[in-house]
Amino acid sequence: MLVFSLIGLIVFILLRYKKIKIKIQDFTQGKKELSYLKTNHDKLKVKVKGLEDYIIDVKKEIKSISIISDTSKQRDQIKELYKDLHLNSSTILDKSKNHLELVNDLNIDFFNTLNEKHPELDDSEVIICYYLHIGFKNKEIAVFLNKSLRSIESKRFRIGKKLQLKENKINLLEYLKSFGLPTKKSV
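Residues 1055 to 1241 (the working numbering) are what the sequence shown spells out, left to right.
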């Protein structure tokens, strides 16, 4: 009777230990994600402040252009401002921040899953995978990333080779959807 009680107690302790261990792992994962979100929140605040400053500068520039009485000079100044806006549009927020990090701020699950499964993918390949996953077409990705359509198609081909999708007879879109994470159409 004492042996059965002792075995029962040991089984109970082991089961309880496993439950506690799982709770600790969940807590640790939640703590990491919270820390990540806090860090990114601070970065976003800095970016918003940078955007506000940039908008103020653009408003001042527009005001100075509107004062010019010579229409040809005014037109030249507007063209110059347009060029500056076009060149700076992709790096307005923070020149040190790459595109992947900006999008990653809001899509932790997708990037964690992809990075765990395929650490061999570089940042540009990961961002292309993300845009494909949420339903963007090659042409839309090219415009958004300011790349040529051909370069996006080449990247997709290289991603497929790295993930060995041809050997598994699956296409990239099907594979990305198999992650089980929300897409643009399901959100």
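Check before you lean on any hint, since a few could be wrong.
Straight line, CA to CA, 25 Å or less: simulated BS3-like cross-link-like pairs of lysine-lysine [as the list claims (entries may be wrong)]:
| # | residue 1 | residue 2 |
| --- | --- | --- |
| 1 | K1137 | K1215 |
| 2 | K1231 | K1215 |
| 3 | K1114 | K1133 |
| 4 | K1092 | K1114 |
| 5 | K1223 | K1201 |
| 6 | K1171 | K1215 |
| 7 | K1127 | K1117 |
| 8 | K1114 | K1137 |
So the derived label-pair ranges between C-beta atoms look like this [unchecked claim]:
| # | residue 1 | residue 2 | range |
| --- | --- | --- | --- |
| 9 | D1176 | I1064 | 27 to 33 Å |
| 10 | S1208 | D1130 | 23 to 29 Å |
| 11 | V1100 | L1063 | 33 to 39 Å |
| 12 | L1098 | L1227 | 28 to 34 Å |
| 13 | E1134 | L1203 | 27 to 33 Å |
| 14 | D1176 | V1065 | 28 to 34 Å |
| 15 | Q1079 | L1203 | 30 to 36 Å |
| 16 | D1107 | L1203 | 47 to 53 Å |
| 17 | E1228 | S1208 | 18 to 24 Å |
| 18 | D1163 | D1107 | 29 to 35 Å |
| 19 | T1093 | L1056 | 37 to 43 Å |
| 20 | L1227 | V1100 | 32 to 38 Å |
Don't read these hints as lab results, they were simulated from the structure.
Glycine included, every Cβ here is placed at the ideal spot set by N, Cα and C.
Here is what the structure says about each hint:
1. K1137 <-> K1215: violated, 38 Å
2. K1231 <-> K1215: Holds, at about 18 Å.
3. K1114 <-> K1133: holds, 16 Å
4. K1092 <-> K1114: violated, 34 Å
5. K1223 <-> K1201: Outside the cut-off at roughly 28 Å; violated.
6. K1171 <-> K1215: holds, 15 Å
7. K1127 <-> K1117: Judged against 25 Å, a Cα distance of about 14 Å means the pair holds.
8. K1114 <-> K1137: holds, 16 Å
9. D1176 <-> I1064: 27 to 33 Å: Violated - the Cβ-Cβ distance for D1176 and I1064, about 50 Å, lies outside 27 to 33 Å.
10. S1208 <-> D1130: 23 to 29 Å: Since S1208 and D1130 have Cβ atoms about 39 Å apart, the given range 23 to 29 Å is violated.
11. V1100 <-> L1063: 33 to 39 Å: violated, 55 Å
12. L1098 <-> L1227: 28 to 34 Å: With Cβ atoms ~30 Å apart, the hint holds.
13. E1134 <-> L1203: 27 to 33 Å: holds, 29 Å
14. D1176 <-> V1065: 28 to 34 Å: The hint (28 to 34 Å, Cβ to Cβ) is violated, given that D1176 and V1065 are roughly 49 Å apart.
15. Q1079 <-> L1203: 30 to 36 Å: violated, 44 Å
16. D1107 <-> L1203: 47 to 53 Å: Violated: the Cβ-Cβ distance is about 34 Å, outside 47 to 53 Å.
17. E1228 <-> S1208: 18 to 24 Å: The hinted range 18 to 24 Å holds for E1228 and S1208, with Cβ atoms some 20 Å apart.
18. D1163 <-> D1107: 29 to 35 Å: Roughly 33 Å apart at Cβ, these two residues keep to the hinted range, so it holds.
19. T1093 <-> L1056: 37 to 43 Å: violated, 55 Å
20. L1227 <-> V1100: 32 to 38 Å: Given a distance of about 35 Å, which is inside 32 to 38 Å, the answer is holds.
Violation of the numbered hints given earlier is confined to hints 1, 4, 5, 9, 10, 11, 14, 15, 16, 19; the remaining hints are satisfied by the structure.
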